[in-house]
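J.: Chains as they are written, first to last, in the working numbering: chain A, 1 to 204; chain X, 1 to 204; chain F, 1 to 204.
A hint or two may mislead.
Since the list gives no way to pick one copy over another, a pair counts as held whenever it fits inside one copy or between any two copies.
Said to hold, decoys possible - No more than 25 Å apart at the CA atoms, straight line, and that leaves these computed lysine to any residue pairs for SDA-like:
| no. | residue 1 | residue 2 |
| --- | --- | --- |
| 1 | 70 | 121 |
| 2 | 37 | 71 |
| 3 | 123 | 72 |
| 4 | 70 | 56 |
| 5 | 62 | 74 |
| 6 | 28 | 106 |
| 7 | 28 | 42 |
| 8 | 80 | 5 |
| 9 | 37 | 72 |
| 10 | 34 | 69 |
| 11 | 62 | 202 |
| 12 | 145 | 157 |
| 13 | 62 | 152 |
Don't read these hints as lab results, they were simulated from the structure.
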Amino acid sequence: MRMRHPFKVVIVTGVPGVGKTTVISHLKEIAAEKGLKVEVVNFGSFMLNYAVKEGIIEDRDKIRTLPLRKQLDLQARAAKAIIEYAGEKLGSEGFLVIDTHALVRTVAGYWPGLPKHVIDQLKPDMIAVIEAPPEVVAGRQARDKTRYRADFGGVEGVRRLMEYARAASFASAVFYASTVAIIENLEGQAEEAARQLLSYMENL
Amino acid sequence: MRMRHPFKVVIVTGVPGVGKTTVISHLKEIAAEKGLKVEVVNFGSFMLNYAVKEGIIEDRDKIRTLPLRKQLDLQARAAKAIIEYAGEKLGSEGFLVIDTHALVRTVAGYWPGLPKHVIDQLKPDMIAVIEAPPEVVAGRQARDKTRYRADFGGVEGVRRLMEYARAASFASAVFYASTVAIIENLEGQAEEAARQLLSYMENL
Amino acid sequence: MRMRHPFKVVIVTGVPGVGKTTVISHLKEIAAEKGLKVEVVNFGSFMLNYAVKEGIIEDRDKIRTLPLRKQLDLQARAAKAIIEYAGEKLGSEGFLVIDTHALVRTVAGYWPGLPKHVIDQLKPDMIAVIEAPPEVVAGRQARDKTRYRADFGGVEGVRRLMEYARAASFASAVFYASTVAIIENLEGQAEEAARQLLSYMENL
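Next comes chain A alone, as it looks inside the complex (with noise of 0.2 Å):
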């Protein structure tokens, strides 16, 4: 069984207001800098992009309407759109880098964003997790109510969220055997998490 893709897959991860897309566009730009190539993708907006393309739904708002059994078989389809698209972006070489989740909160639940059937697809080398202090990130949430849309539980539910999620990429971890790189966001410090992200990427 292939264990790996001919490139770099980089999965990161981290819950909402940890500063994770912050962080990506600092290692976009260290990464350029560096020459090295970088296809950066999110894999919540691949998706949509894909089920409208392929009709699965009419428009991206309407993704919220199908349940969530119905989004398993769109996640690996897309898992698999994903790795070809960063083929013919990349070749042989460099890293694709993944934006998404390692669990969501839903109203249904915690929801694994990296279960079997998308890892399969995947095959990362690295599952990266953001991860800031619950203080500060429960903070950025209650600041912007316009960006993080759910109510994630102040403190405590952020604290609870970040554990657990460290807990799922562990699990995904093992079936290809990724290493987890634990990166701290620090106030004003995102360019150095990205720094230190790009080095756990260069030793893979």
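On the provided structure of chain A, position chains X and F as indicated by the hints.
T.: Here is chains X and F on its own, set in the frame of chain A:
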């Protein structure tokens, strides 16, 4: 690969003394009032009856004499039989609720109650984890020695078992992208816990 | 699918400095006194010798130059070879004890020591996790710099590695319904720890 059964499969777990039986009995009542089809199966009991019926053991008490590794094949066959039974009862709708454990404290260490070969049969939509403060759980175990025959190591032993059982639940959830619903069962509020569980189930 | 080997497979894990080697050496002694057949294999050493014998690397020190992803195939082949070796030594009874890690701290992040492709070969009856207070472990690492070449981040670094290694153990245990035996190895009580481990093993 088929990812789900036609009906929804909800596995309800919890350490001994957490009040799982009471929550499930409230769940049955509330579901009946709402006109929802719910079939509850206790995994352990079903497996014992199955083992006797199939001539694998002479009577139910003989299961303790069956070594752990001999129980593995029995588990998978019982899980398959539970799904067939539920198919007859539920057809293509409603909920199969399976009362079992995510982790069992044995004389050979902590034993996963939802290993891959069982999960491959059950394909759960949800793994619910009923929790309660370790002090409350240890208190119940101490008061009712006839029911909780094993020694669970007091408050600290219960706290650990609960922590490890949660980790095991997330590990089992990754195989079929099951949601993990953590349900707090506070003293005297088992009905509220059952309502919360049902609310999660209805959002599957 | 075969769920077990004819002999019993016990994987003994623990972070560097936890006293794993001492516990295993006591285990061998006690098992010999009791007339139990126990074959101990160090996974890392066995893999290195195997790699040299098969011409994959020139000499044992060259393993560090092999990138993580190239080690994956080697791991699976070494695991298979360990089982074959144990079959010759043990026949259809006794215990194969494998000395290894559930999680390894690398320059590319935490790396699962018991990923699916290794577990698929080993099919463990038990994953034992040797633990000790993080302060004790960090103290041993600080005193013996020649043995513990990597920096494990002091008490807090050890505490985290132990916590994550336990999560990884439970994740690996789900594949073949292995029990997880958490063994406390307190200062000066390695023999007691070995006796407890053996007691768990005899109950498999």
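J.: With identical chains, the pair residue 62 and residue 74 could be close in the same copy or across copies; at 25 Å between alpha carbons, which is it: within, between, both, or neither?
T.: within (13 Å within a copy, 44 Å between copies)
J.: Between the shortest in-copy and the shortest cross-copy C-alpha distance, which are at most 25 Å for residue 145 and residue 157: within, between, both, or neither?
T.: Within one copy only: 16 Å inside, 35 Å across.
J.: Could you figure out if residue 28 and residue 42 sit no more than 25 Å apart (CA to CA) within one copy, between two copies, both or neither?
T.: Cα proximity of residue 28 and residue 42: one copy only (13 Å, versus 41 Å across).
J.: Should residue 62 paired with residue 152 be assigned to within, between, both, or neither, using CA atoms and 25 Å as the limit?
T.: within (23 Å within a copy, 48 Å between copies)
J.: How do residue 80 and residue 5 come out at 25 Å by Cα distance, when the copy is not named: within, between, both, or neither?
T.: Both. Shortest intra-copy (12 Å) and inter-copy (24 Å) distances satisfy the 25 Å Cα cut-off.
J.: Can you tell me if residue 70 and residue 121 fall within 25 Å by alpha carbon in one copy, between copies, both or neither?
T.: both (18 Å within a copy, 19 Å between copies)
J.: Could you place residue 70 and residue 56 in one of the four classes (within, between, both, neither) given a Cα distance threshold of 25 Å?
T.: Classified as within: same-chain Cα gap 10 Å, cross-chain 39 Å, threshold 25 Å.
J.: Cα distance capped at 25 Å. Does residue 37 pair with residue 71 within a copy, between copies, both, or neither?
T.: between (31 Å within a copy, 24 Å between copies)
J.: Which holds for residue 37 with residue 72 at a C-alpha limit of 25 Å: within a copy, between copies, both or neither?
T.: Close across copies (24 Å), not inside one copy (30 Å); limit 25 Å.
J.: Give the relationship of residue 62 and residue 202 under a CA distance limit of 25 Å: within one copy only, between copies only, both, or neither.
T.: Classified as between; 19 Å across copies, 39 Å inside a copy.
J.: Given a CA cutoff of 25 Å, do residue 123 and residue 72 count as a within-copy pair, a between-copy pair, both, or neither?
T.: Close inside one copy (17 Å) and across copies (12 Å); limit 25 Å.
J.: Classify it for me, residue 34 with residue 69: is the Cα-Cα distance of at most 25 Å met within a copy, between copies, both or neither?
T.: Between copies, since 23 Å is at most 25 Å while 42 Å is not.
Violated hints: none; the structure is consistent with every hint.
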